[in-house]
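Chains as they are written, first to last, in the working numbering: chain A, -18 to 297; chain B, 2 to 310.
The set of hints was computed from the structure by calculation and includes no laboratory data. Among the clues, some could well be false.
Per the computed footprint, the stretches of chain B lying under chain A, defined by three or more beta-carbons under 8 Å from a beta-carbon of chain A, are [unchecked claim]:
hint	region
1	132 to 141
2	154 to 166
3	246 to 256
4	280 to 291
C-beta atoms are modelled at their ideal positions from N, C-alpha and C, and glycine is treated no differently.
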Amino acid sequence: MKFLARRLLHGLALLTAVSFFSFLLAQMAPGDFYSELRNDPRVSPETIAGLRAQAGMERPLLARYGAWVRSSLRGDLGYSLAYQSPVAPLVWERMRSTLLLTGTATFLAWLIAVPLGIWSAAHRGTWRDGFSRMVLAILLTAPDLLLALAMLILAAQTGWFPVGGEASRGTPPLYDLAWHMALPVAVLVLGLAPALARHVRASLLEVMDSPFALSARAQGIPRRRLLYRHLLPAALNPLISLFGFSVGTLLSASLLVEVVMGWPGLGPLFLEAIMARDFAVVLAVVMLSAVFLLVGNLLADLLLYRFDPRIRTVDQ
Amino acid sequence: MSRRARIRGALAFLCLLYGAALLAGLIAPYPYAEQHREFPFAPPTRLHFAHLQPFVYAWAPDQAGGYREDASRAYPAGHLSGVFFPLGTDAFGRDIFSRLLYGGRVSLFSGLLAAFLSLALGLLFGVVAGFFGGWPDRLLMRAGELVMALPWLYLLLAVRASLPLHIGTIQAFLLVVAIIGGMGWVRPARLIRGVALSGRERAFVQAARGFGAGPGYLIRRHVLPLTAGVLVTQATILIPQYILAEVTLSFLGLGVGEPVPSWGNMLAEARQYHALVSHPWLLAPGLALIPVLLAFLVLADALLESPEP
């Protein structure tokens, strides 16, 4: 419990620091949301100055930071100048779409990667292992960007899948949603699963080479029982950290895929906000992704604490 | 294959690619911005053989808006004046093969330079933190946590967002290298800090200290050589990651911009899917990434393996 409280406090401090440095960075940034307007001859400099004053841009850094913190505590996460509304509702909706996509993809990727990694490790040195490693290496190096573009070609040429978007016109029944999700999820799974499978294989191999595994084999414990009862639990440690990491990147893993395939998630929102210099939205997305990463790490540590007795003895 | 053979093979292959990109001015059939207005979206030119001599036909527009081969005149394959496009052309009739070579200059070398920058910063910070400990150590580790608090791509985009968006090519290239390299020092710094921390306690370092060696000498003669292994393996991991980062930034329009090609902004052209569907050769820069990244992966795997007895 004390461990948890300390970690939460630490996380909170880190988030404060991240938000403050983001403000500093934005302060140093050339131009702001109204910079584009300045090129418009119909808008007088006085109007722009008025707009800027109204948006509170002329106030000192600390005052603006204070206003942002108060707004965040109210649950608004600041005010978007481009959308003329509080940021929170904008972001929640996009976040739901992103989580739907990445949650499904991460789940499927683990579902595929764990058995594949175990199988590959159990057949170490055979042609089957070699073959699966080769395929995984090639998939691992195929960039998400390429996969996404290739899937778009597939969708457009066969007409089996929609090219982009989350739903067709009208109310989306479950089938429609699944149909739209299929390709982005496929790209993400192809991107995530090979890396995971390689990690599973590597951590299992490390345990298989340890002295206790050799002694267990010498004592005649059957292969299968040895693998699932003794080796796998011992190999869990790095995988739990990896799981925490993949929870932590739920919001950020799909940015590129969303942008390419037109999925209305956080990625396109973030990119548009950067281009428009809509700082409140940028900051909100940055903060949310930081929160996710922290929670993912914390989750991994708690799981490790629960499943790995070695850690507990070190801690005390 | 033995470990040594794989390392040699991957290194030779990478040297070949980097060399080709560096010598793009000599190898590329056309300048990167040369437009062949009469051949927009021309498919890769087909090679024909007569008595083992390769030759090509020029493309001629057909009624359907595509191209057919104009068999009335054969050109020898070495003859490159405006009809031979090994990988096809883009919307402006620019030769994709040439642009791929010139784009490799930007993409491959930005990865290399950014990794160099990251490792240099990581080495500096890591050695200082590990060797001296105390407040520099705490400060650097805190700063590292701050950088690691954001997902990598979001961090890059957020930092990029706070810098000027519309700038010249050279500035954009240097900016991309600086951002990618400058934000990536944390992981190498942590690893090197560990090496320096344990190196400080090694018996031979303690002995040298006992003979009166100062910190400068100890770091130079004893700690730095210990970090070489970490630096090399980190380089093989970071360079491909940074090449991808440059491609991503340029793809999103936040990196190096037209008309100078980078593999990222070339792929951005393929983003309009109706252009892509009928002209799949626009994906060439994406496909070119695969052998590059694969070579780095083989290299990293082989280096991490313990050497054979």
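Okay, the hints, checked on the actual structure:
no. : hint       : verdict
1   : 132 to 141 : violated (count 0)
2   : 154 to 166 : holds (count 11)
3   : 246 to 256 : holds (count 6)
4   : 280 to 291 : holds (count 6)
In summary, the one numbered hint that this structure violates is 1.
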